[in-house]
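2 protein chains.
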Amino acid sequence: MIVQKYGGTSVGTAARIRRVSRRIAATVRRGEQVVVVVSAMGHTTDRMIALAQSVNPEPPARELDMLVANGETITAPLVAMCLEGMGVAAISLSGLQAGVRTSAQHSRARIQDINPGRILEALREGKVPVVAGFQGVTERLEITTLGRGGSDTTAVALAAALKADSCEIYTDVDGIFTADPKVVRNARKLTYIRYDEMLELAAVGARVMHPRAVEIGELYGVPIHVRSSFHDGVGTMIVAQVPMEERQRVRGIAQETNVAKITVLGVADRPGVAAAIFEPLGKAGISVDVIVQNIGRSGHTDLTFSVAESDLKAAVKLVKAAIKDVGARSVSSAGGIAKLSIVGTGMLGTPGIAGRMFRALADAGINIEMISTSEIRITCLVARDQVEKGVRILHKTFELEKS
Amino acid sequence: MIVQKYGGTSVGTAARIRRVSRRIAATVRRGEQVVVVVSAMGHTTDRMIALAQSVNPEPPARELDMLVANGETITAPLVAMCLEGMGVAAISLSGLQAGVRTSAQHSRARIQDINPGRILEALREGKVPVVAGFQGVTERLEITTLGRGGSDTTAVALAAALKADSCEIYTDVDGIFTADPKVVRNARKLTYIRYDEMLELAAVGARVMHPRAVEIGELYGVPIHVRSSFHDGVGTMIVAQVPMEERQRVRGIAQETNVAKITVLGVADRPGVAAAIFEPLGKAGISVDVIVQNIGRSGHTDLTFSVAESDLKAAVKLVKAAIKDVGARSVSSAGGIAKLSIVGTGMLGTPGIAGRMFRALADAGINIEMISTSEIRITCLVARDQVEKGVRILHKTFELEKS
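Read top to bottom, the protein sequences are chains H and C. Count along the first sequence starting at 1, add 276, and that's the number in our numbering. Count along the second sequence starting at 1, add 276, and that's the number in our numbering.
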């Protein structure tokens, strides 16, 4: 059994819905059991949000969910009826009908449970279930949406619940690349990538897969095949362990340009201060990324951290309010920054990777403002206008063009 | 408690949604409990059907219902969030959430039961429930739509279930008129009309209210106020009994131009023949209207009946197939006909009304092809190019311009 997920671009027009349906029909005719998950057509969701804001600049999240969920419940019956017209029995299912039960946090609900009764019934009847992605219902049958990466999450969660052999994510790119092909001309498509590598890449700027879906795939061991909906070529398999010959020290490079930094000078160096500063940001839904704290002198320290530049204004306001309580000398901020990251399980226990990265950037005259690392990732914050140059240099340094 | 229903034109744009919301807010601020029912915005439903047909010329009814039901579940949250923005607590509800349980006949489901639990809960919490009209769910939670007049039906059925004081149907006309104001310049808006009169007018061409909603109103004694969403003027109240001074012999005149006739010559004059001809039409969903059968001679008779001209081709095919079994000389058909009807409870037991109608048409040189009557209606089939002249003449003959 295969779960196939088609994103908004893949179903953006009637012609594309016909093409997607032909692909589903071909899979069915090969004898596979297929469950389909679809996103809203093209820019439907954006248009609905714009319409919402034209009647209420701050629409309540519950009502916004009721509204935007229609995007997917429009696509699903269109695909189902297109399949029927091609002689392939199909049935569309809303999130509710597909048994997708979620938490009640509107606009960012979490899938709690999937009761795939109706999906299994459809499969028994020889029908292709076409499920509206991105949405679910609470216990009270309130409509929820899953937030960014929602349809991917629906697809992988369904694959897990149905114990499907794999989950295919059809998208408008060919797979996962060693770097953004728009930045690095000879970036190479990866045949395999590990869940943890994909998670790190997604976290630091690779837009193809949202981390949520990858996490579920890892947790339930669902192989995820990221591939193009425009041709039949294979894409990238996201799996637990890549074949020996596929391993490399550095697997991929990612950049993220929507970055700004905030520096709090002269903070009291005592327990609870960091919490007092970061808690209000968390409550406001602002993700804080790289955090650097200098070694304190005479009971005070400096704290620098990065946030999305689109969150900068709100973040500065909250930080200024917070330091009134805990005390600090001043708050400064700056935009125009970018994150430049290398990711790869191969770098675990391989000394010298970080050194090569810093040396290559230094030789190219790129100044590193902050550094953050995980076990399989090294991230440098650099000036935004230098990040693409940095990506190209690192791609060459680690010879990622070679397979 | 008032149920207010806003049709597609009334909510066709963001600006109109704001206007509708201001009206709802004003009603709430007068201290009324309001339940709102909305249709799909403007031509949304037509556009969805066109999209469906571009992927499958004959979309399965179940999938088409899944698709078009989104029209109303788009409008409902938009109105709810607009009200919230105006400081009026509101909550949108899909047909499912509003407890609208229907039969399983897709595209023409019947409301079987309404469980208004969530609507009552919203009202208790001081919120305006904004219900998606035109839709419901079966016991299996399959999405259904109610067919023509569906949102009106939802509104009146909700008013009945909630024992509301009245149901206001907001539309793009000012109310029910003695005749189509586009045809008769001095047509008069009726302040009151009886359910049975409205049913007859709707059945013979008055488009403002669909008979289904009026029937439910009559059955449960829900006063229906048909009024304009563009201004505050009162419209027409549809009630069980009109005030004494409002009674008139003839209440209104309606025309219907999509009419054709089929004549079956030389049919055997024995039991079962009419059934053999009309049963297949009924099964195909073709309504047969006026039926005239001549007195038989030598065991044979001629049968003439009217159908919608848009059904003519299909109807002729079915009739030709049917007469192969029962025997008949020939089948002929003609389009270009119209129905011209006068309606009014006042004509019950008032001799001479029919005579005045026929005389007035004859004096104007309008030939009557067929006649059909109910207790409160007389319908003449006339040439289509003469029907508007006929409406004007009858309006004058029965002095309908005078209140």
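I should point out that these hints are in silico values taken from the structure, not numbers from a laboratory. A couple of the hints might just be wrong.
Identical chains share a label here; the pair holds if one copy fits it or two copies do between them.
[What the hints assert, rightly or not] Lysine to any residue pairs mimicking SDA-like chemistry, simulated, CA-CA at most 25 Å apart:
id, residue 1, residue 2
1, K403, H382
2, K403, S330
3, K465, E491
4, K403, E418
5, K596, I629
6, K596, Y496
7, K678, L557
8, K593, E397
9, K403, M324
10, K589, G611
11, K596, A380
12, K672, A590
13, K403, L327
14, K678, R377
* Go through the copies and call it for K596 and Y496: within, between, both or neither, with a Cα cutoff of 25 Å. => neither (43 Å within a copy, 63 Å between copies)
* **Alpha-carbon proximity between K465 and E491, which holds within one copy, between copies, both or neither at 25 Å** => Result: close within a single copy only, 21 Å intra versus 65 Å inter.
* Asked: Using 25 Å as the alpha-carbon threshold, which applies to K678 and R377: within, between, both, or neither?
  -> Answer is neither; intra-copy 45 Å and inter-copy 62 Å both fail.
* To do: Could you figure out if K403 and L327 sit no more than 25 Å apart (CA to CA) within one copy, between two copies, both or neither?
  => Between copies only: 22 Å across chains, 35 Å inside a chain, cut-off 25 Å.
* To do: At 25 Å max between alpha carbons, let me know whether K593 reaches E397 within a copy, between copies, both or neither.
  => neither (53 Å within a copy, 39 Å between copies)
* **Intra- versus inter-subunit Cα pairing at 25 Å for K589 with G611** => For K589 and G611, only the intra-copy Cα distance (10 Å) is at most 25 Å; the inter-copy one is 70 Å.
* To do: Measure nothing new, just compare the shortest in-copy and cross-copy C-alpha distances for K596 and I629 to 25 Å and report within, between, both or neither.
  => neither (38 Å within a copy, 85 Å between copies)
* 25 Å Cα threshold - placement of E418 relative to K403 -> Between copies only: 16 Å across, 27 Å inside.
* Intra- versus inter-copy proximity for S330 and K403 (alpha-carbon distance at most 25 Å) -> between (40 Å within a copy, 22 Å between copies)
* Given a CA cutoff of 25 Å, do K596 and A380 count as a within-copy pair, a between-copy pair, both, or neither? -> Result: close neither inside a copy nor across copies, 32 Å intra and 60 Å inter.
* For the identical chains here, do K403 and H382 meet the 25 Å Cα criterion within one copy, between copies, both, or neither? -> between (31 Å within a copy, 19 Å between copies)
* Asked: With identical chains treated as interchangeable, where does the CA-CA distance between K403 and M324 reach 25 Å or less: within a copy, between copies, both, or neither?
  -> Intra 31 Å, inter 23 Å, cutoff 25 Å: inter-copy only.
Against the hints set out earlier in the document, violations occur for numbers 5, 6, 7, 8, 11, 12 and 14.
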